[in-house]
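Protein chains in written order, with my numbering: chain A, 182 to 607; chain B, 182 to 607; chain C, 182 to 607; chain D, 182 to 607.
Keep in mind that a hint or two might mislead.
[Unchecked claim] Listed next, with one range per pair, are the computed distances between beta-carbon atoms:
| no. | chain 1 | residue 1 | chain 2 | residue 2 | range |
| --- | --- | --- | --- | --- | --- |
| 1 | C | N263 | D | G376 | 50 to 58 Å |
| 2 | D | A365 | B | Q437 | 51 to 59 Å |
| 3 | C | A298 | A | S261 | 32 to 40 Å |
| 4 | B | G410 | D | K436 | 51 to 59 Å |
| 5 | D | G373 | C | N263 | 45 to 53 Å |
| 6 | B | R439 | D | A365 | 53 to 61 Å |
| 7 | B | A365 | D | A298 | 50 to 58 Å |
| 8 | C | P354 | A | Q198 | 47 to 55 Å |
| 9 | D | K436 | C | G526 | 18 to 26 Å |
| 10 | B | A365 | A | F228 | 36 to 44 Å |
| 11 | B | N452 | C | Q437 | 31 to 39 Å |
No lab work stands behind these hints: they were computed from the structure.
Quick caveat: nothing in here was measured; it's all calculated off a predicted structure.
We treat Cβ as the ideally placed atom computed from N, Cα and C, and that holds for glycine.
Number of protein chains: 4
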Amino acid sequence: MPEFIREENVSLSKAAQTGRYSAIRKASVDICKPLSHEDHVVQPAAFVSPPKWHLAHSTWFFEHFILSKNKKGYKAFNESYNYLFNSYYDSAGSRVLRTDRGNITRPGVEEILQYRAYVDEQVGTLLETGVPEEAAAFIELGLHHEQQHQELLYTDIKYILGHNPLFPQYHAPALRAETPVRPAAFIDMNEGIYGIGYDGDGFCFDNEKGRHKVFLHAFRFMDRLITNGEYLGFMEDGGYDNALLWLAEGWDWVKQNRAASPLYWYKIDNNWYNYSLSGLLKVNESAPVTHVSYYEADAFARWKGKRLLTEFEWEAACSARYREIPSHSNFADKRALSTSAAHEGDDQLLGNAWEWTSSAYLPYPYYKQATGALGEYNGKFMVNQMVLRGGSCVTPRDHMRITYRNFFHPDERWQFTGIRLAESIV
Amino acid sequence: MPEFIREENVSLSKAAQTGRYSAIRKASVDICKPLSHEDHVVQPAAFVSPPKWHLAHSTWFFEHFILSKNKKGYKAFNESYNYLFNSYYDSAGSRVLRTDRGNITRPGVEEILQYRAYVDEQVGTLLETGVPEEAAAFIELGLHHEQQHQELLYTDIKYILGHNPLFPQYHAPALRAETPVRPAAFIDMNEGIYGIGYDGDGFCFDNEKGRHKVFLHAFRFMDRLITNGEYLGFMEDGGYDNALLWLAEGWDWVKQNRAASPLYWYKIDNNWYNYSLSGLLKVNESAPVTHVSYYEADAFARWKGKRLLTEFEWEAACSARYREIPSHSNFADKRALSTSAAHEGDDQLLGNAWEWTSSAYLPYPYYKQATGALGEYNGKFMVNQMVLRGGSCVTPRDHMRITYRNFFHPDERWQFTGIRLAESIV
Amino acid sequence: MPEFIREENVSLSKAAQTGRYSAIRKASVDICKPLSHEDHVVQPAAFVSPPKWHLAHSTWFFEHFILSKNKKGYKAFNESYNYLFNSYYDSAGSRVLRTDRGNITRPGVEEILQYRAYVDEQVGTLLETGVPEEAAAFIELGLHHEQQHQELLYTDIKYILGHNPLFPQYHAPALRAETPVRPAAFIDMNEGIYGIGYDGDGFCFDNEKGRHKVFLHAFRFMDRLITNGEYLGFMEDGGYDNALLWLAEGWDWVKQNRAASPLYWYKIDNNWYNYSLSGLLKVNESAPVTHVSYYEADAFARWKGKRLLTEFEWEAACSARYREIPSHSNFADKRALSTSAAHEGDDQLLGNAWEWTSSAYLPYPYYKQATGALGEYNGKFMVNQMVLRGGSCVTPRDHMRITYRNFFHPDERWQFTGIRLAESIV
Amino acid sequence: MPEFIREENVSLSKAAQTGRYSAIRKASVDICKPLSHEDHVVQPAAFVSPPKWHLAHSTWFFEHFILSKNKKGYKAFNESYNYLFNSYYDSAGSRVLRTDRGNITRPGVEEILQYRAYVDEQVGTLLETGVPEEAAAFIELGLHHEQQHQELLYTDIKYILGHNPLFPQYHAPALRAETPVRPAAFIDMNEGIYGIGYDGDGFCFDNEKGRHKVFLHAFRFMDRLITNGEYLGFMEDGGYDNALLWLAEGWDWVKQNRAASPLYWYKIDNNWYNYSLSGLLKVNESAPVTHVSYYEADAFARWKGKRLLTEFEWEAACSARYREIPSHSNFADKRALSTSAAHEGDDQLLGNAWEWTSSAYLPYPYYKQATGALGEYNGKFMVNQMVLRGGSCVTPRDHMRITYRNFFHPDERWQFTGIRLAESIV
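Produce the complete structure using the sequences and hints provided.
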């Protein structure tokens with residue numbers, strides 16, 4: 182999920198009350214509360230952004246797209262921030278150094294928090310006086326954008342702390358009753374024509390739009406996610422050493438990265454541990470496996486003689502079972518911030534882990550590129566990435582939709598990515 | 182198209198007559214006739230193989246999969262060839278050097294031709310005495326494999342000679358009557374359920390198997406390929422300088438490669454030339470553009486306000502118009518070895534240029550991985566590549582099928598790859 | 182200069198009084214006073230270390246080589262620091278992540294300062310009770326090591342702040358009376374045998390040892406450093422565009438880095454500015470040029486029809502003029518932290534800028550590799566680097582010696598490196 | 182040794198008789214006689230040039246520097262060759278493809294031989310009619326240039342054939358009487374002032390000029406080269422696994438290249454073989470080790486508690502023993518093309534293997550850069566390379582001088598590079 186969003190027309194709606202704005206904006210700051218100033222600034226991998234940058238960039242969005250356009254005489258907090266925190270600024274003047282986000286130590290955390298307060302106050306007064314329709318749509322958009330960055334804050338913080346040899350805790354471990362996971366079963370779906378894509382009147386991203394039909398042949402899917410224990414079975418059976426189980430590029434990836442386990446797993450004195458936001462803990466074999474690449478998900482499925490779902494099968498299956506997000510789903514509001522074992526009645530379609538599908542990220546038939554500033558980003562990521570569905574334990578619950586399409590490159594695994602098996606019914 | 186094929190059960194058939202075997206095998210040697218010994222040996226890019234290697238590897242296929250298994254007491258021509266010309270040999274013993282195909286000067290061309298003669302004679306006597314059913318299937322497979330390498334021979338030879346500053350001719354230029362291309366029109370297709378995949382009783386690759394249904398919304402497609410002249414319009418309109426027209430990874434590709442034209446194009450004294458197998462010639466504005474990457478095809482379509490076809494739309498459209506390959510199609514047997522302008526009644530769906538579709542290369546719903554030696558390669562390329570359809574001016578005509586799925590990475594363009602526009606009917 | 186030092190036997194001496202220890206240790210902390218916590222943590226280039234790391238590593242030196250070996254029952258401040266701040270620890274156990282210094286956000290600055298206080302207190306009590314001779318030598322060594330890191334702190338801080346587009350000030354600019362530089366003259370040296378290397382009874386590094394003779398032919402050298410203004414002449418004469426002026430590898434470096442000025446120079450509205458520790462200021466044409474690579478120094482000399490000094494010529498010349506460091510020299514104690522124009526009587530041989538010599542960094546004839554822990558580092562850097570002489574405006578004055586040999590790769594220029602011309606007398 | 186030479190004024194001389202010209206030119210062609218056409222064309226590593234290129238480039242030298250300047254109305258054999266075979270042509274016009282030498286299959290070997298014949302005939306008539314003095318100097322230069330390429334032909338052919346898994350023979354193995362090597366002794370040299378550099382009236386390269394004095398402290402050197410057997414001792418003692426024996430960059434090189442033996446060595450069934458121009462043979466433990474990098478030479482010396490000679494010590498020692506090349510030296514004229522064991526009275530200072538010295542390649546005090554076309558290349562390689570002395574078993578005997586300075590980067594080892602130990606006398 183790139184840091185910038187890709188919307189078009191925002192279905193307006195009542196949205197945009199001051200309360201909702203404040204709550205969502207506050208949530209980002211709250212996520213960073215356990216961090217030191219030092220934690221805010223680094224970028225240990227190109228795909229990670231410093232927490233400070235997330236806090237600033239999501240604020241810049243409101244400053245740039247709402248305040249500077251809708252508030253007469255708006256005075257920028259700091260003119261240079263437009264350059265520093267604009268994710269897509271592309272030109273390079275003579276004063277501009279090419280630099281990495283992770284090397285910019287100033288402005289510091291305190292200045293960024295002041296920047297947030299300044300912008301929030303200005304947006305607050307704008308909301309009070311009433312905003313034009315287009316601006317309201319941008320505010321709605323800005324809040325969804327903010328929530329995307331909240332998920333990224335969690336995953337980037339996990340990456341930063343999880344690559345420190347001291348393995349610091351982000352938050353205290355939840356009490357983990359080691360409930361054994363229930364056995365899995367497969368659920369059948371009939372062949373037929375299914376509707377795909379968003380057609381409600383709330384907010385959605387443009388890549389979900391253009392409700393359309395797909396024909397699906399009969400298939401069945403597993404009624405929960407694959408667990409760490411099941412994935413250990415793959416590892417212990419030599420899964421990472423058997424070229425025949427892997428896509429060719431997956432096998433290259435294994436060798437180049439010497440991959441032998443999911444990300445964050447460490448074998449210590451013959452026991453497997455994995456780093457969680459509560460520190461380095463013994464692997465919970467009942468919880469869904471996360472932090473696997475598409476290559477690993479695909480290899481695991483091949484090892485099992487199964488396959489992954491397409492995104493269309495996934496959406497058809499999920500829509501058949503739910504009209505809205507079920508309350509038992511494990512999203513960020515539960516504050517578990519790690520996956521939990523499936524109990525009776527929990528199919529884990531929503532929450533816990535983003536499920537790799539076997540669908541490449543491509544436009545729907547009626548997809549239309551937006552015009553204007555946001556149009557630049559609409560379809561530009563639709564190549565070489567795979568679709569993931571269902572949200573994870575660090576996704577804000579009210580950010581999720583059954584039609585939501587997330588997407589990453591097949592080698593990426595620092596998000597909470599997991600596996601669900603399926604097969605065609607012959 | 183990887184050098185190795187990906188089949189499963191070969192639908193047996195009458196195949197395998199000595200005559201057909203000889204003809205196809207001879208064609209490979211004939212393609213190399215205009216080459217010097219020196220031309221046979223180099224590998225100017227990782228994706229190119231030396232002509233000598235193609236000649237040897239396709240021979241090794243028959244030696245390894247047919248002779249060594251079906252001919253009692255078969256004596257290999259040279260034991261070391263099994264190592265040198267086996268494309269997928271993966272292990273590394275203490276005697277084995279990691280090396281590039283393009284650095285192996287020996288065995289030389291003469292030895293390879295002797296190797297071919299030796300194997301052909303042995304297969305000939307095998308065919309005369311009659312072969313078991315499974316072996317017949319492998320021979321059929323070997324011939325299709327040979328034909329895949331014939332196309333690669335043409336494109337690799339073009340790459341080798343086309344990157345020599347002297348721009349040598351491979352064959353004499355055909356007389357080119359510069360017929361102006363006819364204006365293009367769009368052809369409508371109704372929405373509905375269409376059948377996709379091979380269901381005949383001839384040969385096909387396993388990725389075409391599992392005939393199944395897809396639902397297509399109404400669309401229309403251009404009744405010929407995009408020409409060089411039309412593509413020049415894109416170039417002259419600043420297409421390569423406008424980030425908004427490109428996929429993000431496409432834009433990175435443009436900048437990294439300083440791409441500003443299709444491959445093989447050179448601007449000399451303000452005129453555009455492109456290298457063809459007949460040398461460096463003025464660009465023929467009426468002929469279909471070739472040697473464009475997926476990124477370029479996609480950017481061109483966006484510039485035109487259109488899109489590419491999906492592979493399903495393409496197959497539905499082509500199946501609706503043809504039951505078999507039409508005789509007017511420009512395939513390798515025409516010996517033009519370059520694209521030709523569309524005349525009245527020529528939709529160019531087959532021949533001339535492989536058409537980039539907007540479909541990622543993924544398994545069909547009932548796709549099944551083969552077992553045994555060939556099974557290693559069946560689905561392993563199904564990630565990060567795009568499907569191309571329709572064959573090109575260097576594809577052997579009797580190798581083509583309407584259901585044929587070719588595939589390349591989005592940045593590859595040394596094949597004869599072209600563009601056809603489409604749009605959804607709203 | 183690698184972060185670790187390369188000593189052998191320390192010539193004992195009176196050293197090691199508590200006062201001197203405290204003063205040198207305090208100086209490191211003082212250098213970091215103007216920094217924010219965020220400034221302490223990043224590593225914008227592989228050759229830069231985070232200030233926090235310098236503070237911790239130089240402390241670890243005393244903990245590891247003195248306290249743990251000479252203080253009974255010494256309890257480490259934190260066992261894991263031995264791993265985190267040991268610059269040459271080479272093994273990798275199963276718990277250890279490969280990571281960059283610049284990604285380790287914890288321990289934070291406060292913990293590191295506590296670490297320093299803890300170790301300093303312990304060393305203090307050790308000094309009071311008296312230390313064995315070997316330990317005294319190691320303390321002496323540790324203090325010189327600390328001073329090497331003080332210089333690196335300045336240059337790394339400059340790199341961190343100077344690559345922030347906001348160009349923050351480290352300290353207030355000194356009042357700069359723009360004294361015009363005096364004209365340069367050349368000083369003759371006679372041919373003869375000269376003594377090279379340290380032979381005093383104070384401290385020196387092992388690479389200075391083994392006093393020996395060299396024969397020098399007659400030469401002359403410029404009586405001050407090359408100024409920014411003179412270097413601008415080279416730039417304006419197309420120095421960076423003229424391949425004939427450069428070493429072949431220098432020319433590659435120019436093209437690969439698009440080098441067109443010293444590091445930290447920016448052209449804004451047709452004026453040249455350079456970043457200093459006092460922010461971005463107009464280039465002072467009278468001050469010595471700094472932040473040039475060996476390639477630039479060599480090209481400049483060729484442009485002038487001159488050459489650089491060898492390190493032997495430099496030492497012979499400097500020894501002929503000075504027995505000890507002259508008080509007018511611009512070292513770190515002057516707190517200018519940038520170069521200053523040469524006035525009457527100031528030959529700038531010491532201070533201001535490290536002078537690139539034309540001598541490769543190689544062992545002296547009687548060089549001997551130390552044994553034990555320190556021995557690992559003695560001669561291991563003696564390839565592919567060039568010797569620099571004389572110290573810079575950020576070198577601690579009492580760290581310098583006329584026989585001091587500094588060394589960097591020819592492409593490195595984030596130190597205060599400068600140019601002095603010479604020629605053979607024919 | 183870069184492919185182009187670095188001379189200045191050629192000390193004229195009687196030189197340039199037709200006979201000598203023909204003999205030297207013919208020798209290059211003779212070296213290539215055992216090659217197939219395919220062998221002539223490839224470039225398996227960036228530092229290797231195709232044999233065909235050597236044959237053409239050395240011819241181009243005469244065409245460009247002699248014929249085109251001294252022969253009225255000279256008609257180039259082929260205008261495009263000036264571009265193809267000019268090693269230092271730097272510009273890039275719109276028609277020019279960036280390409281590798283190893284991908285240029287045309288002109289083929291036959292055309293290149295015709296090119297040689299054409300140029301040789303033209304030079305022949307020029308020689309008959311008499312040439313101006315400057316042209317005579319260039320012819321002399323061209324012949325030395327040709328001889329440099331003769332050595333490179335041998336080493337590049339060895340690299341090409343030696344990286345073919347079939348290990349083809351270049352020429353029949355000499356009968357190898359496995360003479361045991363005699364025990365080594367050390368020879369003392371007194372301290373004093375020695376003269377360095379060429380001062381005869383024959384030909385030499387400009388880097389040897391400027392006869393000057395150096396002071397050398399007393400030292401001793403081994404009276405023969407290190408053998409394969411002695412080097413095996415280093416290997417068997419874990420030399421490649423012991424970081425303490427290596428320069429830091431050498432150790433990086435070991436790990437990055439997984440170096441565990443000299444180039445061309447292979448362990449088969451527990452025996453060591455090395456590839457020679459006579460194929461893969463058991464390692465001859467009495468012959469001097471070759472194909473070691475500077476890093477390996479330096480590590481070996483450290484393992485032995487010794488060091489390498491400086492180039493000054495080497496020249497002083499060699500000059501003290503020889504006035505001219507002794508007849509027993511193993512140079513290319515002996516046609517052994519591999520090293521041979523030292524017999525009584527053979528110190529191996531000349532021939533057999535280029536000896537890595539501990540001296541970086543730097544200008545002599547009176548070194549002067551030439552002007553004009555050749556001046557571009559004079560000193561441009563004088564950084565990051567080490568000097569080698571003495572010539573090898575594939576150096577043309579009459580190309581060698583005691584003052585000859587060869588130079589390579591410390592990681593290069595495809596030349597016949599060897600080791601001689603030394604130490605200071607304390």
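Evaluated hints:
{"no.": "1", "hint": "N263/C / G376/D: 50 to 58 Å", "in the structure": "holds (55 Å)"}
{"no.": "2", "hint": "A365/D / Q437/B: 51 to 59 Å", "in the structure": "holds (55 Å)"}
{"no.": "3", "hint": "A298/C / S261/A: 32 to 40 Å", "in the structure": "holds (37 Å)"}
{"no.": "4", "hint": "G410/B / K436/D: 51 to 59 Å", "in the structure": "holds (55 Å)"}
{"no.": "5", "hint": "G373/D / N263/C: 45 to 53 Å", "in the structure": "holds (51 Å)"}
{"no.": "6", "hint": "R439/B / A365/D: 53 to 61 Å", "in the structure": "holds (57 Å)"}
{"no.": "7", "hint": "A365/B / A298/D: 50 to 58 Å", "in the structure": "holds (57 Å)"}
{"no.": "8", "hint": "P354/C / Q198/A: 47 to 55 Å", "in the structure": "holds (50 Å)"}
{"no.": "9", "hint": "K436/D / G526/C: 18 to 26 Å", "in the structure": "violated (52 Å)"}
{"no.": "10", "hint": "A365/B / F228/A: 36 to 44 Å", "in the structure": "holds (42 Å)"}
{"no.": "11", "hint": "N452/B / Q437/C: 31 to 39 Å", "in the structure": "holds (33 Å)"}
In summary, the one numbered hint that this structure violates is 9.
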